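Protein chains in written order, with the working numbering: chain G, 1 to 204; chain R, 1 to 482.
Simulated from the structure, these hints should not be mistaken for lab results.
Hints are supplied without guarantee of correctness; some may be wrong.
[Said to hold, decoys possible] To give an idea of the interface, some chain R residues facing chain G are shown, with a C-beta separation under 7 Å as derived from the structure:
{"#": "1", "residue": "E107"}
{"#": "2", "residue": "E136"}
{"#": "3", "residue": "L137"}
For clarity, every value in this text was computed on a predicted model and none was experimentally measured.
Cβ atoms here follow ideal geometry from the backbone N, Cα and C, with glycine treated the same way.
Listed here are the chains, written in short residue letters.
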Amino acid sequence: MIVASLAFYLFAAMTVASGVMVISARNPVHSVLFLILAFFNSAGLFVLMGAEFLAMILVIVYVGAVAVLFLFVVMMLDINFVELREGFLQYLPIGGIIGLILLVELIMVIGAWAFAPEAAGVAAAPTPPIESVTNTEALGALIYTRYIYLFQGAGLILLIAMIGAIVLTLRQREGVRRQDISRQNTRPRSASVEIKKVQPGQGI
Amino acid sequence: MPNHAVPDFAPAAPEIFLAGAAMALLMLGVFRGDGSSRLVSWLSVLSLIVAFFMVQMLPDGTGITFAGMFITDPFAVFMKSLVLIGSALAIVLSLGYVRAEGFERFEYPILILLASVGMMMMISANDLISLYMGLELQSLPLYVLAAFKRDSTRATEAGLKYFVLGALSSGMLLYGCSLIYGFAGTTNFTALADSLRGSEDVSLGLLIGVVFLAAGLAFKVSAVPFHMWTPDVYEGAPTPVTAFFATAPKVAAMALFLRAMLDPFANLVSEWQQIIVFVAVASMILGAFAAIGQRNIKRLMAYSSIGHVGYALIGLAAGTETGVRGVLIYMAIYLAMTAGTFACILCMRQKEGMVESIDDLSGLARTSPLMAAAIGIFMFSLAGVPPMAGFFGKLYVFKAAVDSGMYLLAVIGVVTSVVGAFYYLRIVKLMYFDEPAEAFEKPAGMELSLVMAGTGLFTLFFFVYPAPLVLWAQAAAAALLG
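Chain G extracted, bound-state conformation (with noise of 0.2 Å):
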């Protein structure tokens, strides 16, 4: 047990460390490889759950392909960062107090927090023993049936956006060399390779 709760403070205070760094960091590139190091240690967190399918997710998404579109977005675009948090400490007065207060609501939540007796009861899909089933198969079997609706109507938001990203930014150019693969394979080779005879030290 003690293993597992050094492990939890190990994760969690790296998590914070490495989240507080993605906001103080100046180069922005650091700020991207601490946030990919804040998703590592929150699959850590997640696998001390008992969810690995959900760290192995956070692992593959975000630093996958999350994090590492944000460090192409950071090092493709000329932006000016320390022009843009110039501003930063400005805010820092009016942010902290909306934060304080925040902070203060939620404690006032969560200490009149008392679950309803029926909760339990009304759950919508009750947790499967995890010794014998596992995450992925759970999930799965959750997702493909009880959840199909909104498996479903994920899948028609998912296809608006690739509309949407098409519509707002895919322009014909004029000039652009574009590959068309047919015209490629059906070129004969008498039209794109040519034999020349050459005459040993005259060149062509």
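Using the hints provided, position chain R relative to the given structure of chain G.
What follows is chain R alone, placed relative to chain G:
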């Protein structure tokens, strides 16, 4: 592992059909290119009409499917019918504009179709998760549509503004949902209603969750104090898109608002009632006073829609069956008036292009008397002058407020109607008594004239035979509260 039977697809047949049609038309558009946009538009209208009849064919009574996440009842049928009509009108209204402005792109009607699927999912939501899913499915196409004219800075700004604020409101809504789930232990509306029934002390956390949920929904219907995005987005977005924004999504968001407040949280009426009363009063007042200074007709319509949402919310604040009936009738009439008004705005085209200032309407009665008459009818109706339809919409909600003893609310409603009448009637005065400005280009286009005539006749002659709509709304309201 529990064995799951195949869910019953029949109650969701219209949604499934519409989603399938949207994807099929997308394929058609992709393979035929932008030249097919007219064909895709008309096929989209056809699909919406087919879906409309499929909605009417649904069996009477309540049908729940997909593990309790989806519900159809007469209320859903009523609201879905309005939404489908609104979406079809929006596509028809856009036909002439997209041709003249040169953004004929086949994605436009497809995005409207997919947004309609989202709106129908919202109306049929019986669970916090399906509520959110429907809401996002509806909002995402709207963000894209607002920025559809991507070379115009104003449209892009409108799209971006709408997106950022919409994401913020979604965040608030989700925060509310998570609090509700945390304190009630369920996201299902039926289970929520069951667990709240009879319990005396409701936990504070649940109430905070309901407040956040109401705030998120108030943003979607653009009620004060969550209205700030409306004028800018309405002004910046291309006019047919604005026409769409002002009609179908408003109706769908209002339906969701009604269901979310009156179905799972019916027992908390005394808790949320004061919030709705405040929102309704603030919307009516702002809608009446802020519109006075507007010279741009699209901005004016934005403030007008904020005001109208305030009037409709009176019915929700009453929380009774007559109140809900009032909201339903109000939204039906609002849909007709607004679609008609935007058909007129889309006719405001001079040699240099579209104009949007209300001064361009001066002396319209002399240059095109029929259009002036149509605008006159819509303005009188929006102001709530009898015997136009708009008057009856207001009458039913005020009556509901008086019936439940909310006299102050009804009085404020009447006073703000009078203030609002000023700017509607100013347009009528401009058209009939001022010197003519440059005439609009003619002909206005077949589709626009048809929409104008249809909605105009409905607005003008609603009082002759209001019974079908009133009875239908009555049945729908009874189903929601029953």
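Now for the hints, and whether the structure bears them out:
no.	hint	result
1	E107	holds, 5 Å
2	E136	holds, 6 Å
3	L137	holds, 5 Å
Hint violations for this structure: none, all hints satisfied.
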